[in-house]
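With the sequences and hints as input, model every part of the structure.
Residues per chain are reported as follows:
Number of protein chains: 2
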Amino acid sequence: MSDQGSQPDQPADNSARNLDAYRAAYAERTAGMTASEIRALFAVASRPEVVSLAGGMPNLAALPLESLGAEVGRLIAEDGQVALQYGSAHGVPELREQICEVMELEGITSHPDDVVVTAGSQMGLDMITRIFCDPGDVVLAEGPSYVGALGSFQAYQAEIVHVAMDDEGLQPEALRQAIAEVQQQGKRIKFLYTIPNFHNPGGITLAPERRPEVLEICRRAGILVIEDNPYGLLGFDGKPHQALRSLDADNVVYLGSFSKTFASGLRVGWVLAPLAIREKLVLTAESATLCPPTLTQMIVSRYLSTHDWKGQIKIFQEQYRERRDAMMTALEQYMPEGCTWTKPDGGFFVWLTVPEGVDTKAMLPRAVTQRVAYVSGTGFYKNGFGSRQMRLSFCYPTPERIREGVRRLANVLTEEMDLVRTFGTVPQRSVPGPQAPSPDTA
Amino acid sequence: MSDQGSQPDQPADNSARNLDAYRAAYAERTAGMTASEIRALFAVASRPEVVSLAGGMPNLAALPLESLGAEVGRLIAEDGQVALQYGSAHGVPELREQICEVMELEGITSHPDDVVVTAGSQMGLDMITRIFCDPGDVVLAEGPSYVGALGSFQAYQAEIVHVAMDDEGLQPEALRQAIAEVQQQGKRIKFLYTIPNFHNPGGITLAPERRPEVLEICRRAGILVIEDNPYGLLGFDGKPHQALRSLDADNVVYLGSFSKTFASGLRVGWVLAPLAIREKLVLTAESATLCPPTLTQMIVSRYLSTHDWKGQIKIFQEQYRERRDAMMTALEQYMPEGCTWTKPDGGFFVWLTVPEGVDTKAMLPRAVTQRVAYVSGTGFYKNGFGSRQMRLSFCYPTPERIREGVRRLANVLTEEMDLVRTFGTVPQRSVPGPQAPSPDTA
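First to last, the sequence lines map onto chains A and B. For the first sequence, full-length UniProt numbering begins at 1 and goes up steadily by one. For the second sequence, full-length UniProt numbering begins at 1 and goes up steadily by one.
Hints are all accurate, no fakes.
Here are some chain B residues pointing at chain A (derived, C-beta under 7 Å):
| no. | residue |
| --- | --- |
| 1 | Gly73 |
| 2 | Ala77 |
| 3 | Leu84 |
| 4 | Lys280 |
| 5 | Leu290 |
I should point out that these hints are in silico values taken from the structure, not numbers from a laboratory. Computed from a predicted model, the values in this text were never measured in an experiment. We put the beta carbon where it would ideally sit given N, CA and C, even for glycine.
Written out as structure tokens, the structure reads:
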């Protein structure tokens with residue numbers, strides 16, 4: 001991560017842009033390309049003196065690196081001519097079978113042929129957008145939503161329409177309303193992108209009783225559902241929620257990942273899709289990367305067959321629960337009055353709402369000066385909302401560091417609120433309503 | 001590869017397409033998506049009784065798998081928390097430095113900041129197309145050209161215009177003419193895509209004296225040059241050609257790969273690009289995969305620093321030369337009169353032209369029945385040409401298998417030519433001229 005700081009944001013004014021000799025040659029989609037807010041933060045957040053509550057890096061300290069290293073060494077020595085050779089764009093067959101077993105934990109019945117392995121779940125997201133979205137097409141997504149998804153939608157010039165959440169997740173009524181409004185404008189909605197479990201960045205979960213309703217609304221409107229579920233097995237009560245895909249095999253495309261349940265640096269994710277879409281995915285993957293790395297797929301496959309992966313997930317669950325608890329306790333203890341936050345039952349993230357007048361984006365440099373980092377809520381919306389929110393992640397720092405980070409953040413916030421009281425309220429764009437939901441349901 | 005046969009070609013007729021419930025929802029670019037000819041062949045070619053002269057899989061038998069396995073085992077055991085964690089979209093810094101050293105062998109002076117690591121060179125190609133090509137933009141490419149590149153150009157709805165080659169590679173005069181013709185039509189040319197060394201599928205190399213001329217033509221016309229160079233270090237006389245990039249740092253984007261000089265299944269390639277384009281590449285890579293796999297990058301980096309990688313390349317060169325020689329000898333011995341072929345000085349491929357009347361695409365099923373596979377030339381053109389050509393690869397089969405494969409192929413061809421003599425010549429689309437060059441310069 002250390003070199004991310006060397007990537008400047010794209011210059012905004014014309015004089016600066018004229019320095020780019022290739023400017024006139026770019027495709028239309030390239031013009032809108034800007035660095036994500038999270039990305040610019042990696043540089044500061046990586047300094048050791050800063051407690052970073054910003055990143056979404058999983059905690060790998062608990063992995064059995066010795067035995068894993070030995071296993072991978074054997075894999076290469078004994079089976080290297082396969083593991084180091086090109087494979088198919090569809091993915092390693094044995095791994096696709098194992099992926100079906102993993103998905104069974106969430107009630108999904110599937111066939112290995114319908115699984116396409118990807119170089120990380122982001123690649124699945126990018127390919128789905130590429131397959132479905134023409135410029136100007138509409139994608140529905142929770143507000144807030146995963147910044148990497150918003151980036152992919154924007155990269156293919158899709159228009160993002162946010163749908164409100166509350167503490168039970170996506171609101172069916174807001175979904176109906178958004179669909180009606182977009183259709184009234186004569187625009188085509190290509191899909192609903194949703195993270196039903198332990199939402200990034202919202203930290204909330206779609207209530208089981210809402211799931212059939214959301215699916216029914218989309219099915220009636222002819223809208224595909226993209227279910228992004230990287231955290232599904234990381235619930236703190238140990239019992240996974242039933243996937244949307246388990247309730248509707250025809251109208252849901254499911255995105256899964258080993259990044260959070262095993263190792264993010266292998267970049268092994270997958271898409272489970274109905275036959276016709278799966279065929280398009282394989283063709284798109286050939287064009288995008290020829291095939292995902294054979295070695296990393298075989299490593300995951302070996303890990304699943306030789307290690308107690310379910311036991312490892314339990315260890316992760318316990319660690320993350322301990323860190324969630326540390327964050328909850330610290331927030332209760334330190335946060336000034338007027339702050340509210342979500343209480344996640346799994347995953348990596350808490351969504352914090354600050355009192356009116358405080359701008360989390362403007363405050364961030366002052367927070368970093370006081371050695372704590374977070375992600376401003378504005379990065380998770382495409383319409384400028386979220387300036388009264390921030391995402392706090394509890395996945396990577398130790399409980400002690402989390403506690404210290406929250407304490408520092410509370411100090412910064414308290415100073416900021418003093419300034420607001422002294423100099424008056426700065427106008428905020430974080431208006432409540434269906435277009436600007438904040439899942440601050442603490 | 002064994003499961004590729006389960007991917008049927010896209011149905012061509014409307015009644016079959018109506019079976020796809022999502023058809024109306026696809027993006028425009030998805031409509032044109034079809035399986036490549038090479039892909040459909042993997043299934044038949046993988047049967048052990050068939051001598052496959054079709055695939056481009058490198059021969060990994062010579063890799064030091066024992067010591068490599070031990071090294072990777074140590075890497076994971078000792079440094080797993082980095083190797084298994086997310087990295088930056090830009091790539092692992094140490095590897096980017098080493099890549100600059102690799103490129104020095106071809107006369108390239110570069111800075112690690114300008115290198116973007118990709119999940120295989122195909123990903124670089126796909127991203128460059130994505131960054132530059134709007135639908136209808138023109139890409140110039142040698143005729144024939146790499147099928148994966150043509151696939152990416154088509155995926156972004158670019159129009160491909162082929163430029164003729166002869167035994168000295170891309171013809172400058174044909175390039176001038178193609179540029180003038182396209183510009184007269186009022187279309188925008190975004191770049192020239194070229195494989196200057198040991199061309200895939202042509203098996204020929206751009207003459208050193210033509211290189212400055214090609215660069216100058218493109219520079220004057222304001223056309224970027226994409227130099228794809230996966231085989232550059234696999235020349236049989238051991239002395240690499242000077243890269244186009246070494247002659248023009250501002251107007252050349254260089255694509256490199258470890259797939260042929262080390263291990264294809266790691267999917268580690270790179271793009272060397274001028275600053276502004278490199279920044280777009282990093283942003284595009286974030287959207288496409290977040291980051292390339294950290295582990296595979298670190299494996300390449302470790303390999304380069306702990307193994308005699310230059311010595312290994314020499315071993316590869318010797319192996320491939322031996323196989324090239326076996327193919328040349330067999331072609332001389334067995335091929336019926338009227339066949340001509342290129343004589344590659346490096347790389348993986350020979351381009352064979354058959355006598356008039358024989359259609360290589362139509363003949364392929366009969367060849368497979370007689371247990372030999374190749375790729376019909378039509379896959380390497382976007383305009384239906386190439387039916388009198390085929391690509392033969394000598395990279396993967398042993399010399400004995402190559403000899404047997406060529407013998408079988410010659411028998412099939414002889415039978416085919418008998419048929420043509422008996423029943424008359426079938427009209428061919430492989431017309432000579434700048435739009436349908438055949439580098440059959442044997």
